[in-house]
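Assemble chains B and C onto chain A, guided by the hints.
Okay, here's what each chain looks like letter by letter:
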Amino acid sequence: MSDRPHPILIGIAALVYLFLVVPLVIVVGAALSDTTYLTFPPRGLSLRWFENIFQISAFRRTIVTSLQIASLGTLFALMIGIPAAYALNRFRVELPRWIATLFVLPILVPEIVFGFALLKSLTVGAGVPIFAALLIGHTLLVLPYVVRVIGASLASFDFSIEEAAISLGSAPLKTFFTIVLPNVRAGVLAAFILAFITSLNDVSVSLFLTGPGISTLPIQILAHVEQFFDPTVASVSVLLMFLTVAVMAVVERTLGLTFLAK
Amino acid sequence: MTSRRFRFRNGAAGWALTAPATLAVVGLLLVPIGAVIAGTFMDPRGVFAPYLAYFNSGFRTTVLFRTLQIAALTTVVSLIFGFMTAYVVSRAPGRLKSLLIITAVFPLLTGVVVRAFAWLIILGRNGILNQALLALGVTDEPLEMLYTQGAVIVGMVYLFVPLMVLSLVGVLENIPRDVLQASSSLGASPFATFWQVLLPLAVPGLIVGAVLVFTGSFTAYATPQLLGGERQTVLATLLHQRAMVSFDWVGASTIAAIMTVITISVVLAMSHIARRINPMAA
Amino acid sequence: MVGRWRNPVAGMALVLTALSAAPALAQNKTLTISWWGFNGDKLEEIILKPFRAQCGCDLVFETGNNADRLNKIKIRGGGGVDVVYLTDSYSQIGIQEGLFRPVDRSKLPNLDGIHEVARAPQGGFGPAYTIGRVGIIYDTAKVAKPITSWNDLWRDDLKRRVSLPGITTTAGPMTVLVAASQAGVDPYKNEKAAFAALEKLKPNVVKNYNTGSELVNLFSTGEVSVAMAQDFTLAQIQAAVPTARWAELSEGDYATLNTVNIAKGAANPDLAHQFINFILDPKIQQTLAQRGVDAPVATAVQLTPEEASRWTYGAKMISSLKRIDYEKLNAAKSDWLDAWSEVFGR
Numbered sequence: 001m002s003d004r005p006h007p008i009l010i011g012i013a014a015l016v017y018l019f020l021v022v023p024l025v026i027v028v029g030a031a032l033s034d035t036t037y038l039t040f041p042p043r044g045l046s047l048r049w050f051e052n053i054f055q056i057s058a059f060r061r062t063i064v065t066s067l068q069i070a071s072l073g074t075l076f077a078l079m080i081g082i083p084a085a086y087a088l089n090r091f092r093v094e095l096p097r098w099i100a101t102l103f104v105l106p107i108l109v110p111e112i113v114f115g116f117a118l119l120k121s122l123t124v125g126a127g128v129p130i131f132a133a134l135l136i137g138h139t140l141l142v143l144p145y146v147v148r149v150i151g152a153s154l155a156s157f158d159f160s161i162e163e164a165a166i167s168l169g170s171a172p173l174k175t176f177f178t179i180v181l182p183n184v185r186a187g188v189l190a191a192f193i194l195a196f197i198t199s200l201n202d203v204s205v206s207l208f209l210t211g212p213g214i215s216t217l218p219i220q221i222l223a224h225v226e227q228f229f230d231p232t233v234a235s236v237s238v239l240l241m242f243l244t245v246a247v248m249a250v251v252e253r254t255l256g257l258t259f260l261a262k
Numbered sequence: 001m002t003s004r005r006f007r008f009r010n011g012a013a014g015w016a017l018t019a020p021a022t023l024a025v026v027g028l029l030l031v032p033i034g035a036v037i038a039g040t041f042m043d044p045r046g047v048f049a050p051y052l053a054y055f056n057s058g059f060r061t062t063v064l065f066r067t068l069q070i071a072a073l074t075t076v077v078s079l080i081f082g083f084m085t086a087y088v089v090s091r092a093p094g095r096l097k098s099l100l101i102i103t104a105v106f107p108l109l110t111g112v113v114v115r116a117f118a119w120l121i122i123l124g125r126n127g128i129l130n131q132a133l134l135a136l137g138v139t140d141e142p143l144e145m146l147y148t149q150g151a152v153i154v155g156m157v158y159l160f161v162p163l164m165v166l167s168l169v170g171v172l173e174n175i176p177r178d179v180l181q182a183s184s185s186l187g188a189s190p191f192a193t194f195w196q197v198l199l200p201l202a203v204p205g206l207i208v209g210a211v212l213v214f215t216g217s218f219t220a221y222a223t224p225q226l227l228g229g230e231r232q233t234v235l236a237t238l239l240h241q242r243a244m245v246s247f248d249w250v251g252a253s254t255i256a257a258i259m260t261v262i263t264i265s266v267v268l269a270m271s272h273i274a275r276r277i278n279p280m281a282a
Numbered sequence: 001m002v003g004r005w006r007n008p009v010a011g012m013a014l015v016l017t018a019l020s021a022a023p024a025l026a027q028n029k030t031l032t033i034s035w036w037g038f039n040g041d042k043l044e045e046i047i048l049k050p051f052r053a054q055c056g057c058d059l060v061f062e063t064g065n066n067a068d069r070l071n072k073i074k075i076r077g078g079g080g081v082d083v084v085y086l087t088d089s090y091s092q093i094g095i096q097e098g099l100f101r102p103v104d105r106s107k108l109p110n111l112d113g114i115h116e117v118a119r120a121p122q123g124g125f126g127p128a129y130t131i132g133r134v135g136i137i138y139d140t141a142k143v144a145k146p147i148t149s150w151n152d153l154w155r156d157d158l159k160r161r162v163s164l165p166g167i168t169t170t171a172g173p174m175t176v177l178v179a180a181s182q183a184g185v186d187p188y189k190n191e192k193a194a195f196a197a198l199e200k201l202k203p204n205v206v207k208n209y210n211t212g213s214e215l216v217n218l219f220s221t222g223e224v225s226v227a228m229a230q231d232f233t234l235a236q237i238q239a240a241v242p243t244a245r246w247a248e249l250s251e252g253d254y255a256t257l258n259t260v261n262i263a264k265g266a267a268n269p270d271l272a273h274q275f276i277n278f279i280l281d282p283k284i285q286q287t288l289a290q291r292g293v294d295a296p297v298a299t300a301v302q303l304t305p306e307e308a309s310r311w312t313y314g315a316k317m318i319s320s321l322k323r324i325d326y327e328k329l330n331a332a333k334s335d336w337l338d339a340w341s342e343v344f345g346r
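Chains as they are written, first to last, in my numbering: chain A, 1 to 262; chain B, 1 to 282; chain C, 1 to 346.
So that you can see chain A by itself, here it is in the shape it has in the complex (with noise of 0.2 Å):
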């Protein structure tokens, strides 16, 4: 079998990709039409749509405070699952079965139940600030990709590579940084950008979590177009496709983790 995959299955890929451009073409149209609905092909070309989200203050708040939510979230749930997909294939034998349903559980639930069991028990119950609340929720609802996604890329690595490393005197952490984590690189970038953008993107667990002062920005889109159905909405949509592209860059610059290596 030859390195480069089968024609057919190019072509197919081809298509599936096809499928997934057409309907980000129509985003963009509709973004850039000069109406105030959404239309495509657009009427006229006009960037309107794309100043108006920065003329709005809601929108300029609720897109840091998203931001945040989202970086510190993932960051959370990169630091504690991280740990978790390495114990898991690496002490596959003495960990107990059920450890790694444990960890997909908070996408097994539905979101807003989830939403409301932690408004129920963290800020009312317990008096945690809201925007603690909400970087809890966030952390929890991201945790499975980051656990399940590494954890899948270490289980097709070998873990004699690390053994021998550390019989040959290297520190354990080290050798985890050195030698373990370079090896998953995709699988890790892959988890960042999927806990990223799930919880960018989240409506269901920030329903019931943010409060006064603190919405995100989905929440505020929503509230936006009970009223209004201009094309605004499609304007952030591209804007979010930018601003993850944006933060994938910085991502790969700053950990070194890049597709170009390989």
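If you're looking for bench data, these hints aren't it; they were derived computationally from the structure.
A couple of the hints might just be wrong.
Okay, derived cross-link-like pairs now, DSSO-like style, lysine-lysine, Cα gap no bigger than 27 Å in a straight line [what the hints assert, rightly or not]: (1) C:Lys283 / C:Lys107; (2) C:Lys202 / C:Lys145; (3) C:Lys283 / C:Lys42; (4) C:Lys264 / A:Lys120; (5) C:Lys74 / A:Lys120; (6) C:Lys74 / C:Lys142.
A quick note: this is a predicted structure, and the numbers were derived from the prediction, not measured.
For chains B and C alone, kept in the frame of chain A given last:
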């Protein structure tokens, strides 16, 4: 000396590393949700009264099976097309691979409102697809594609193929090419190589993808509502109605409990099958 | 010698500091408002800035839709916010759940300047600050015969052309009332007949919408030509479909009142009363109406015919609207939810 250190590490280290995440999930998820679901068992009419009341309705049982069907079909379609796409992406040269992965992610960033609009443009009565079909003379009248189960599945597959691709790319990249080359040089047909070598090695990624896609589509609310309308009511719709219209949290939590039991069962079943194929999988 | 001088000076300094601190302490009052969150910038300019100057207080907002905000207030036991904006169907739920406190009318002198119907729409609780209506919008280019009655929704020429509001929206439960009157029954006493009428309407319905933006998209892409909708959507539907019109219905439209209430656990009830009185001020109402924010309830507001065309405005129009008994409706809603799903869910 090395083996003694490792033996000590085995038990304690495993627990220590998973401790923060375990505590987080138990304390901040299990306990709060457990409290909410415990509330469903305290109905004065009887311990299981809300659950019996749920299944008492033919309509609600239909909704349950419909949701299962949609989730199953979405998972299967996403698995097949996601696997093929992820394989091609994993074999792509550097720059192109980055571009393909970023593009795969964009569908996840479109808000639900504007995505529904995009599908309206494509599948609607005056939409692109209908206009093409009419122009080609395939049909005389516009087809009603929206507000069917097919439309819902298309809309969900749109969201979940990217998820599948991202889950699989990392795993497929790590499968050494020489393993596959060795298989074919030993005389295995391409199909045999795929079925007996590639597939089992990819199972860890396939399972992750399948779990994420199944649970995501099973608990989905916005997409079925916008693309399916009320004819395609799913469990999440019923849950939202109870919570947001009737303010009936016992009823909503009952549905949530039923949904969670189903998703856990399916996930456990999938993990079991995966372990059969590849013991390292789950 | 120095010591004896120090005490009075120190004493005076202390008193002066205390005096200057007192207004600062009073200024730290924060009013928490629960509202939808759109139009934030216009409201900031027209209401919030002048109110802040008047009260010297801070304003904090909880934003979201009716259902999630009311749910949150309920989970917090009636607290967390001071002033609560809701549509009347949801404020009725709030009243029934004991989440609001009655308003002290002596603190709301501006009540005398608003339409009778808005003063006490829900007993001793909050007034309405704006009024809207639910009627039928249709595309005159696609529907040849004009629509003049609610019963026209059942017409054969409207097959697969209609969209109704989903049961979870503000206007949703009104569809049951419309169906009941078409069947000639009381919806609260004979819901079976009302829903049978809805079942007969089903062949005409393409899809039920849940948000205004969904409705506009359905109209602009030609998916539907007739919809039961709220008046504030008309202007934006017309932008996309210039031939769309508000139907003149012989039976009349339904009134929707947006109310403002004070939460039971409000931290600043006096400030809350001040705020409510402020938004009923005719000058404020005039500006809000002219700037396209809300229809006025203050009788002193004067609008040109062009300005008035988009609003529910004028004593004559307001008195012609049908009112809904939300107590009865909310009691029936749970059953209607199930019956609705059975009709449209198949």
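Hint by hint, which ones does the structure fall short of?
6
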